[in-house]
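Chemist: First to last, the protein sequences are chains Z and V. First residue of the first sequence? That's 0 in numbering that gives the first Met the number 0, and the numbers climb one at a time after it. First residue of the second sequence? That's 0 in numbering that gives the first Met the number 0, and the numbers climb one at a time after it.
Because the hints were derived from the structure by calculation, they are not lab data. Do not take every clue at face value.
Said to hold, decoys possible - In silico PhoX-like pairs for lysine-lysine, Cα to Cα no more than 20 Å straight-line:
1) Lys-19/Z / Lys-61/Z
2) Lys-202/V / Lys-322/Z
3) Lys-209/V / Lys-322/Z
4) Lys-366/Z / Lys-141/V
5) Lys-331/Z / Lys-202/V
6) Lys-207/V / Lys-331/Z
As the list claims (entries may be wrong) - A partial selection of chain V residues facing chain Z, derived with a Cβ cut-off under 8 Å:
7) Thr-12
8) Asn-87
9) Tyr-130
10) Arg-189
11) Lys-202
12) Phe-203
13) Lys-209
14) Gly-263
Using N, Cα and C, we set each Cβ at its ideal position, and we do this for glycine too.
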Amino acid sequence: MTGEVLFTLNGVSKSFGGIKALQNVNMKVNKGEVLSIIGENGAGKSTLMKIIAGALQSDTGKIEFEGNEVKINNTQDAIDIGISIVYQEPNVFAELSVLENLFIGEEVKTKFGSIDWPEMYRQAAEALELVDLPTYTLNEMMGDLSIGNQQLVLIARGLHRQSKLLILDEPTSILSQAESEKLFALIAELKENGVSILYISHRIPEILRISDQMIVLRDGKVTETFSANEATENRIITAMSGREINSDIYRLRDYYDEKPIIKVNNLSKSKMFHDISFSIKPGEILGVYGLVGSGRSEVARTLFGELAMDSGNIEFEGKKLTKHSTNNAVRKGIYYVPEDRGTQGNFSLHSIKYNLSAAFLPTMSNKFGVLNLNDEKKIIQKNVEKYSIKTKNMEDLIISLSGGNQQKVLLSRWLINTPRVLILDEPTRGIDIGTKTEIHELILTLAESGVAVLLISSDLPEVMRLSDRIMTFHKGRITGFTNRENMTEDGVLRKALGLIS
Amino acid sequence: MGGFIQKVLMSRTYFLTLLLVMIIIIMSILSPYFLTVQNLLEITQFGAVIALLAIGQSLVIASGNGGIDLSVGSMVSLSGVLMGLAFNAGISIWIASIIAILVGVLLGAFNGFATSVIGLPPFIATLGTMYMYGSLALVLTKGTPISGFPESFGFLGQGTILGIPTQVLLIVIPVFLIISFIVYRTVFGRQIYLVGTNDTAAKFANIKVKRTRFLLFTLSGLLSGIGSVIMSSWLMTARADVGSGLELQAITIAVLGGMHIFGGKGQLGGVMLAVLVVTMLSPGLQIANINAIWQLAILGIILIGAVALNQYSSNRLSLKAIK
């Protein structure tokens with residue numbers, strides 16, 4: 000069964016604006032094999048996968064399927080050829096039944112044009128059997144299923160369409176350990192049946208376990224291709240990061256004798272996080288690593304006064320913060336740069352200037368709230384230069400900037416006044432490598448000047464590169480702290496996955 | 000030429016100025032009396048109340064989240080009626096005027112409370128208060144107009160100073176200048192546009208989103224209260240139905256003036272030009288002997304045209320930004 004080529008990509012490139020998301024990517028998938036694509040966040044994995052699934056079109060390059068060159072102009076083309084994709088966050092219609100979800104948009108019709116429920120039910124039962132789900136599941140609401148089972152339903156949908164290539168996008172990131180095991184068993188079974196799998200993940204242990212071939216992406220380029228017997232964790236990590244992870248940029252700071260500026264005691268909020276305790280000293284960078292949805296952003300928003308806690312307390316300079324609010328946080332110098340630029344950061348209809356000054360308008364005005372427009376202009380000009388935001392005119396719309404420069408605007412929004420505690424939530428998500436380095440340098444410089452930094456990121460190499468300590472989150476709880484001298488990717492990852500190492 | 004047309008379409012100020020000039024030219028061809036300084040100045044008195052309402056409406060719209068105030072007409076009616084009742088109860092007409100304005104503030108604050116604090120959708124909440132305030136005005140007066148205001152009170156709505164209608168010179172122009180100053184030169188003004196563009200981002204930038212919206216609904220009530228005083232002085236009666244239909248005119252003017260219906264964008268200068276366009280249009284149409292029924296149709300056409308234009312220019316803008 001194996002050895003026969005199913006699918007090849009030749010010289011695929013894709014740019015967004017000025018950013019090269021993919022450069023000259025080549026890959027080959029054999030029938031009945033698992034090819035894993037590994038890379039950090041932002042390495043180009045998602046873009047590549049979307050091109051294969053028809054959700055994006057490449058700028059250049061050729062795609063061959065079963066020996067014939069094919070054009071995949073939209074998702075339907077991909078489905079017709081035999082390519083299915085299951086995205087990281089399952090796209091489901093929670094209010095519809097599992098049966099309806101399986102056939103959405105492609106209902107089986109009788110010859111009179113009405114929906115043929117019995118036939119659909121029969122086909123659906125077959126499909127569910129492939130993923131080992133009981134038939135009675137068909138009548139349940141999709142939203143009532145666990146995330147893992149929702150994912151299985153989506154895989155069943157792909158299999159029912161006779162897919163020859165199944166793309167799984169970080170499938171285990173939302174699964175429990177047991178659910179993951181079930182998925183791996185299914186993958187093995189599918190291989191037996193000649194289905195090829197493109198497996199996207201950054202979890203090295205599971206990749207080593209299930210893959211026949213591996214390619215490593217970094218900054219949109221394939222840096223290394225391994226077959227199962229050549230690959231080792233160290234080789235993959237080196238290929239992913241391209242350098243020793245704990246390299247270069249980190250600088251030791253002497254903050255150890257300081258008293259903590261902020262101390263969090265047994266903070267809880269129902270359904271979000273439980274019993275969170277930690278402290279940060281001035282000049283310290285505390286990294287927070289955990290999967291999306293592990294409660295890390297919610298803790299940050301509580302520190303910023305934007306979410307109310309159920310129990311526990313926050314001490315600032317040794318005094319409990321009572322009646323905490325964003326206003327209170329900002330007065331104390333606790334600032335928060337949120338994780339999603341588009342929905343939580345940008346004022347997209349407005350200029351770079353308006354975006355930069357938004358949080359500190361009161362400091363640019365007199366006591367009656369009248370703005371001093373000259374002051375504003377000067378402060379903004381200074382910031383644009385200091386943080387090298389690449390723009391000719393600060394009156395231009397913020398959305399005319401590249402993602403990296405937008406992020407610099409949003410970061411420097413909070414650097415107009417000097418922060419005491421700076422909370423950065425995914426500060427470099429989706430931005431180019433150059434700007435990323437600049438932001439890393441900036442974070443270190445801020446810490447050197449005595450700012451306490453809470454750095455939240457799903458980019459593990461980033462957290463490891465900058466943090467003095469890493470606090471790991473799993474399902475709303477702290478699962479451990481790792482000091483710089485003991486940091487290993489594996490160790491931190493295990494804690495974040497809730498596995499005690 | 001293509002460049003000029005595009006510039007006119009992109010710039011609301013150019014577009015409205017051009018429209019205004021066209022209306023004046025057409026009207027003066029149709030009627031020799033139209034284009035006299037005296038007539039033009041007199042026409043502005045028709046626009047005084049609606050100008051105040053349109054300013055309030057525009058800022059509510061600018062603050063986003065589907066912000067709209069359907070109750071402005073009813074607030075004018077109810078404030079006016081309470082003013083009349085206060086006067087009938089023996090209170091001086093000037094004190095009664097202040098009462099009317101305070102009533103406007105309270106009614107507006109209630110709208111603000113319902114939308115911004117409780118979180119009801121503004122369209123629904125102010126539709127509800129539109130009926131509530133309007134009915135209350137009718138109930139209180141049993142539908143009978145209140146009149147008998149002292150002659151001196153007419154000075155505000157009927158008098159002129161240097162040929163300019165008093166309400167325009169002493170109220171509309173100062174109100175416009177003060178609110179423009181607030182909008183363009185103060186922290187609060189800037190925050191209106193930021194909140195209107197992205198309220199989540201505003202929250203994360205330590206801007207008080209609810210308070211901002213609450214204050215704008217209250218301002219809309221304040222301006223409606225002032226409008227009711229002008230209206231009563233102009234008509235020398237207080238009637239329960241005096242404000243009906245004004246809310247739709249105010250929305251039309253706000254949108255024609257360039258306020259983005261989803262919030263965050265649009266300038267008060269454009270809104271004032273739009274007030275002039277609409278005010279010139281209706282007496283103009285009367286002079287030209289066009290049936291009153293058609294006047295409403297024309298207002299409808301203008302409204303749809305204005306929204307289409309907004310869409311066009313914002314599409315152009317985002318294309319330009321992506322470039």
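Chemist: Work down the list of hints and note, for each, if the structure agrees.
Modeler: The hints, checked one at a time:
1. Lys-19/Z / Lys-61/Z: OK: Lys-19/Z and Lys-61/Z at ~18 Å, within 20 Å.
2. Lys-202/V / Lys-322/Z: Between Lys-202/V and Lys-322/Z the Cα gap is close to 17 Å, so the pair holds against 20 Å.
3. Lys-209/V / Lys-322/Z: Judged against 20 Å, a Cα distance of about 18 Å means the pair holds.
4. Lys-366/Z / Lys-141/V: violated (49 Å)
5. Lys-331/Z / Lys-202/V: Roughly 17 Å between the alpha carbons, so the hint for Lys-331/Z and Lys-202/V holds.
6. Lys-207/V / Lys-331/Z: Satisfied, since the Cα-Cα distance of roughly 17 Å is no more than 20 Å.
7. Thr-12: violated (17 Å)
8. Asn-87: violated (40 Å)
9. Tyr-130: At about 33 Å, which exceeds the 8 Å cut-off, the nearest Cβ of chain Z leaves the hint on Tyr-130/V violated.
10. Arg-189: holds (6 Å)
11. Lys-202: Holds, about 7 Å.
12. Phe-203: For Phe-203/V, the interface hint holds, since the closest Cβ of chain Z sits about 5 Å away, which is under 8 Å.
13. Lys-209: violated (12 Å)
14. Gly-263: Because about 5 Å separates Gly-263/V from the closest Cβ in chain Z, which is inside the 8 Å limit, the hint holds.
Checked against the numbered hints given earlier, this structure breaks hints 4, 7, 8, 9, 13; the rest are met.
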